[in-house]
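**Student:** With the sequences and hints as input, model every part of the structure.
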Amino acid sequence: MVRIMEKIAIVGIGMTKQERRKEAETFSDMVFEAVTRALEDAGMTIKDIDNIVTGCNDFWDGRTISSMAVGDASGACDKNISCVEGDGTFVAFYGMTRILSKSYRTTLVTAHSKGSESVSSLITNAMFDPIYTRPLGLDAITSSALQARRYMDKYGITEEQCAMVSVKNHGNAKNNPYSQLPMDISVDDVMHSRMLADPIKLLDTSPITDGACAIILAKEETAECFSNHPIWIKGVGFCADAYHLGDRDLAECKSLERAAQTAYRMAGIENPLKEIDVAEVYDAFSYQELMWAEGLSFCEKGGGGRLTESGKTKMGGSMPINPSGGCLSAHAVIAAGLIRMAEAALQVRGEAGDRQVEGVKTALAHGVNGPCGQSHCVWILEK
Amino acid sequence: MNRWLESVEPLVYESRIKVPYTWSVGETGSRFLIELRDRKKIFGTRCSKCDIVYLPPRKNCSRCFSNLGEWVELGLRGTLITFTVVHYESPAMPIKPPFAYGIILLDGASTGLVHFLGEVNIEKIKPAMRVEAIFKDERIGDILDIRYFRPLQ
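These protein sequences, in sequence, are chains A and B.
According to my numbering, the stretch in the first sequence is residues 1 to 383, in order.
According to my numbering, the stretch in the second sequence is residues 384 to 536, in order.
Among these hints, one or two may not hold up.
To be verified - Quick partial rundown of chain A residues pointing at chain B, CB under 7 Å, derived from the structure:
#, residue
1, I123
2, M127
3, P130
4, I131
5, T133
6, G137
7, D139
8, T142
9, M191
10, E220
11, S297
12, E300
13, G302
Hints listed in this document are in silico derivations from the structure and should not be mistaken for laboratory results.
Every residue, glycine too, gets a C-beta built ideally from N, C-alpha and C.
**Tutor:** So, in structure tokens, the structure goes:
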């Protein structure tokens, strides 16, 4: 189990607007924009960055060793740059451990993808093993539909309860100038939207998005030199479940429970619903916000539907989830988890503008890697 | 977006990466697929420590890391754990919608197999349905030698 031996902070945050298709920028241009904003935000120059960890995926980018392609955009020349091929929350984890190694004072963490530039179904089909599963044509939507059906059957969750998440998150996106799909929709709109793979309908699904994000992590002494609003990492947890879909009960998310418990233990949190003020969770599909809320112990097992109906997770509720609009409103794969961290950090800073939740001291950010929530990473951030 | 770009059509470069692979299926996978092809039988591998039978069969146990050498013949029948009916087209899919996927727990296995459901009324699929494997007449040593799983008559 990882124990954070020293204090590490987020000192710089930068992100691009998340859009359906960015015609003026290549993926490295997007990273340059996000990095420039993060440096400006931190009051740093590229010289203050000791090492870089990029989040990018060869398949999404259409080039191998994709980290090299964003080397210039992230100031990697003459520096140590490495890559995490997975969600931004995992990229940040590696960036943090490089500082814990005592080899570096600061790490620049980037994450990007341009979903517009290829065919998402073909790319997500490729995450499955080529011998047993890929030939079936399974992709992110159909595999998630298998999970949604299992979860709903086991716990009596309804499609309407899932639809409420979509209504809430698209509505929240109206307050977020960076989000792709701010929308005023109703549960009826979601229920009547095009069926993709039962029970997942179009409005239960996240969009195809182009976007990038960068955060700068620093050890305590360095954070205090540069930033007048360092956001401290109080706890983090990271856990993987089995790879083959059939090896898991898809209605359960043991790896999230473990990751959350590790993060909570580290942060000294015993009652998450009371002690956490806001959460940004990875809602690639509407049912996932319900499932992950359970895995994060915001409610009892099977209680995700009732939690959503209670209104506690709305803006103004006792535990707002996804004030940014979440992945349902903008989903640049790889970047999305880092954006959850950036949004959570902005909430703690009190700089979240119209999407600010009142009185935030402690925020949670969550990311997922692998099909049907195979691996989860949970962060607890505090002033 | 800067003003210059507003007056011109943004250029798009179209290409694709077409890379052929010849993955060795390996000893474990080969035995499984050859049994599908030659004898229309489905085999898993068993971890005696954990008392788990893996389908598809594995070389090692994902829980205790032991090497798995014990092969277990499984029934051709099983129980449907979950399913979905697909209504959109994708170039990744070998067939056109509407069609159904399922995760099937075969009798004797501890893990589920993802596959197609066939000869089924897509409106009437229910979890816990009993299903059986239907093989293709022409088989090549491929997971699709199983055509689909259909509800027991």
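**Student:** Determine for every hint whether it applies to the structure shown.
**Tutor:** These are the hints, each one checked on the structure:
Residue-level restraint check for I123 of chain A is violated (minimum Cβ-Cβ distance to chain B is 9 Å; threshold 7 Å). Taking 7 Å as the C-beta contact cut-off toward chain B, the hint placing M127 of chain A at the interface is violated, the least distance being around 11 Å. Contact between P130 of chain A and chain B, as hinted, is supported at the beta carbon level, the nearest pair being about 6 Å apart and thus within 7 Å. Interface hint at I131 of chain A: satisfied, since its Cβ lies 6 Å from the closest Cβ of chain B, which is below the 7 Å cut-off.
Hint status for T133 of chain A relative to chain B: holds, with the closest Cβ pair at about 6 Å, below 7 Å. Hint status for G137 of chain A relative to chain B: holds, with the closest Cβ pair at about 3 Å, below 7 Å. Taken as an interface hint, D139 of chain A checks out: its beta carbon lies about 6 Å from the nearest beta carbon of chain B, inside 7 Å. The beta carbon of T142 of chain A comes within 6 Å of a beta carbon in chain B, closer than 7 Å, and the hint placing it at the interface holds.
Interface hint status for M191 of chain A: violated, as the beta-carbon distance to the closest one in chain B is roughly 15 Å, over 7 Å. Interface restraint check: E220 of chain A against chain B, minimum CB-CB distance 38 Å, threshold 7 Å, status violated. Nearest Cβ of chain B to the Cβ of S297 of chain A: about 25 Å, over the 7 Å cut. The hint is violated. With a least beta-carbon distance of about 22 Å to chain B, the hint placing E300 of chain A at the interface is violated under the 7 Å criterion.
Contact between G302 of chain A and chain B, as hinted, is not supported at the beta carbon level, the nearest pair being about 16 Å apart and thus beyond 7 Å.
The earlier numbered hints that this structure contradicts are 1, 2, 9, 10, 11, 12, 13.
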